[in-house]
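Novice: Sequence:
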Amino acid sequence: MVKTSFFKSIAGTLILWFLVLSLIPLFGISVFNYYTSKNNMTQDAIHNMNQTVTLTAGSLNDWLKEKMDVLNTIGKNPVFATGDKAQIMAYLKRESEATPYAEELLWADESGQAVTSSGKTLTISDRTYFQSALKGEPTISSMVVSKSTQNDIVPIAIPLHGNNGSSVLVMSLKGDAIQAIVNKAKYGNTGYSYLFDSTGLVIAHPENSQVLKLNVIKSNSASLNQIGSQMLKNQQGSGEYVFENIDKEVVYTTIPNTDWHLVLTAPINEFYSFATKLLYMSLGAGLGVALLIAVLAWFISKRISKPIVALAEQTDILATGRLDVMISDGFMGELGVLGRSLKTMTENLRNTVSEVHQSSSQLVASAQELSTSTDESSSSVEQVARAIEEMAGGASHQAESSQQIVEMVNQIVRAVDHVNDMINKTVDDASLAKASIDEGMRAVSNQTIKMKENLEVSRQVALAIDHLAQQSQEVGAILSTISNIAEQTNLLALNAAIEAARAGEHGRGFAVVADEVRKLAEGSRKATEEIAEIVGNIQSRAQEASEQMNKAKTVVEAQEQAVDYTNHSFESISEIVRSMGEQMENVKNSSEQIGCHVSDISESIESIVSVAQENAAGAEEVSASTEELSAATEQIAAAARTLVILGEDLDKAVAIFKL
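Heads up: the sequence shown begins at 1 in UniProt numbering, then just goes up one per residue.
Calculated directly from the structure, the hints in this document are not laboratory data.
Hints may contain errors.
What the hints assert, rightly or not - Per label pair, the in silico range of CB-to-CB distance:
| # | residue 1 | residue 2 | range |
| --- | --- | --- | --- |
| 1 | I449 | N537 | 53 to 59 Å |
| 2 | Q210 | G188 | 16 to 22 Å |
| 3 | R303 | L283 | 27 to 33 Å |
Note that the Cβ used here is the ideal one computed from N, Cα and C, for glycine as well.
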């Protein structure tokens with residue numbers, strides 16, 4: 001038995017396929033789950049960071065508004081209108097005790113000379129927030145270093161107006177207070193938030209060393225500078241950058257009423273750290289499953305290959321000619337079926353070889369007798385062949401004559417079919433003509449009805465036009481009356497105006513009324529004349545319409561007579577076509593009867609031709625068969641001689657098997 005390599009064996013093949021079919025989907029699903037989880041976690045993280053930064057920005061804005069409201073309340077005290085710095089300083093000191101989130105309060109006059117709640121005096125004329133507030137704009141400044149305490153502060157300033165001119169009230173918010181609000185915006189374990197102003201300078205950061213030191217557009221990181229420029233241009237958004245060799249995600253927004261930008265940043269790998277752990281767990285589980293599958297495949301392959309190897313060894317023995325080997329058939333499943341089939345095949349082969357051995361001797365004797373018999377029958381077959389050739393020639397001549405008769409009858413059939421086609425076409429044309437005539441008669445009938453309706457409508461329209469003319473004349477009479485009334489009213493108004501003029505100052509109001517009445521009368525007269533002109537046009541158009549309707553009535557009556565004549569003509573044509581259709585139907589029936597008789601004759605002759613052709617073909621087949629029989633007889637004789645030799649060889653070949 002030939003040995004095979006492990007990977008070509010059943011065990012190696014099963015283990016390989018089990019691993020391929022299990023590990024590829026497993027690893028594919030693990031990688032797919034990793035990237036899906038990674039993307040989902042990143043999107044969720046950005047969404048959560050957006051919510052966090054939006055809420056924190058809102059909280060910081062509310063806190064600043066609250067402090068601005070407190071400062072406005074402080075600024076309403078009348079002490080500032082006096083300009084007395086001693087009183088103002090004392091008042092600021094009292095108020096500073098109620099504002100622990102503020103490092104100090106200060107008030108400055110127009111020149112920038114300021115007093116503070118801590119009792120100091122200083123100049124703030126160079127501060128931007130002072131200049132903006134002095135122009136009347138409440139201002140929230142960026143972070144600066146206090147001139148009084150040297151601490152980081154965020155000044156908020158409001159303008160004040162008093163008897164001594166304009167001044168500015170400032171509250172210096174502690175940088176730590178703002179940093180405490182910013183620090184509330186976090187993500188994960190290492191995410192943090194910070195603030196920067198319109199110049200990119202960081203004004204609040206968890207690491208104090210970065211405050212007023214780090215600039216997001218002028219840092220050592222080109223990636224941070226790029227995202228910093230983007231944050232300065234946009235109100236809000238997100239992006240990625242690299243800082244201190246760490247890939248980070250950033251979400252940012254602006255603080256309302258300030259030039260500040262709130263930023264929340266976190267390392268990207270923190271977003272999907274769980275996804276990475278899940279991937280490692282999946283890969284570890286996959287390796288464990290692979291090991292288990294390999295062991296299982298090994299045991300299964302051994303269970304399958306062991307009986308196969310046994311059957312292969314027994315088959316190798318059979319290949320040497322030893323038919324006395326015992327075949328194992330006690331295995332389970334398909335291998336048991338294979339063993340039993342191989343055992344049955346061996347037993348059948350053993351019996352077959354035994355029978356072949358016994359029959360080979362008989363075959364040699366029978367072949368010798370067959371050779372002698374074929375030599376005798378060969379001469380008889382040649383005599384029969386000559387007689388059949390003569391009979392086949394006569395049958396062929398009869399078939400040719402019958403075929404000529406069939407052709408002549410087929411010509412008659414085609415002529416009759418052509419006549420029938422022409423008659424059918426004529427009948428169809430007559431039917432179409434009758435249908436067209438019927439359609440024409442229906443159209444003429446409908447036209448007659450429409451003509452009568454048109455005539456009646458024309459009469460009604462003529463009556464309506466006459467009635468319109470009469471009413472137009474009545475309207476003209478009414479308009480004449482209105483015109484007369486308007487003229488009389490105009491005269492009365494003129495007389496009233498004259499009388500009012502005579503009355504002098506007492507009649508001035510009456511004169512105005514009289515003048516208005518005169519204007520109305522004049523307007524009524526003009527309107528009456530325009531209406532009279534329109535009514536005149538209507539009367540002339542009505543007269544013309546009446547004349548045209550009379551002409552149309554005459555034309556419709558003439559059309560009605562023409563339609564009646566057309567209807568009578570269609571009825572006459574319809575009767576002629578109907579009579580012609582009946583006659584053509586009779587001709588069609590006669591032609592169909594002739595066609596049936598000719599078809600019967602054709603079928604009878606074709607039957608005769610078929611019989612003659614079959615006889616001729618049968619004779620030719622018999623002749624050919626006789627020739628083939630003669631040749632076959634000679635071949636049988638040769639085969640019989642060969643069979644004797646093969647029988648002897650077969651007897652020698654069977655002798656190698658051991659029963």
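Novice: Determine for every hint whether it applies to the structure shown.
Specialist: Here is how each hint holds up against the structure:
{"no.": "1", "hint": "I449 <-> N537: 53 to 59 Å", "in the structure": "37 Å, violated"}
{"no.": "2", "hint": "Q210 <-> G188: 16 to 22 Å", "in the structure": "20 Å, holds"}
{"no.": "3", "hint": "R303 <-> L283: 27 to 33 Å", "in the structure": "30 Å, holds"}
The earlier numbered hint that this structure contradicts is number 1, and it is the only one.
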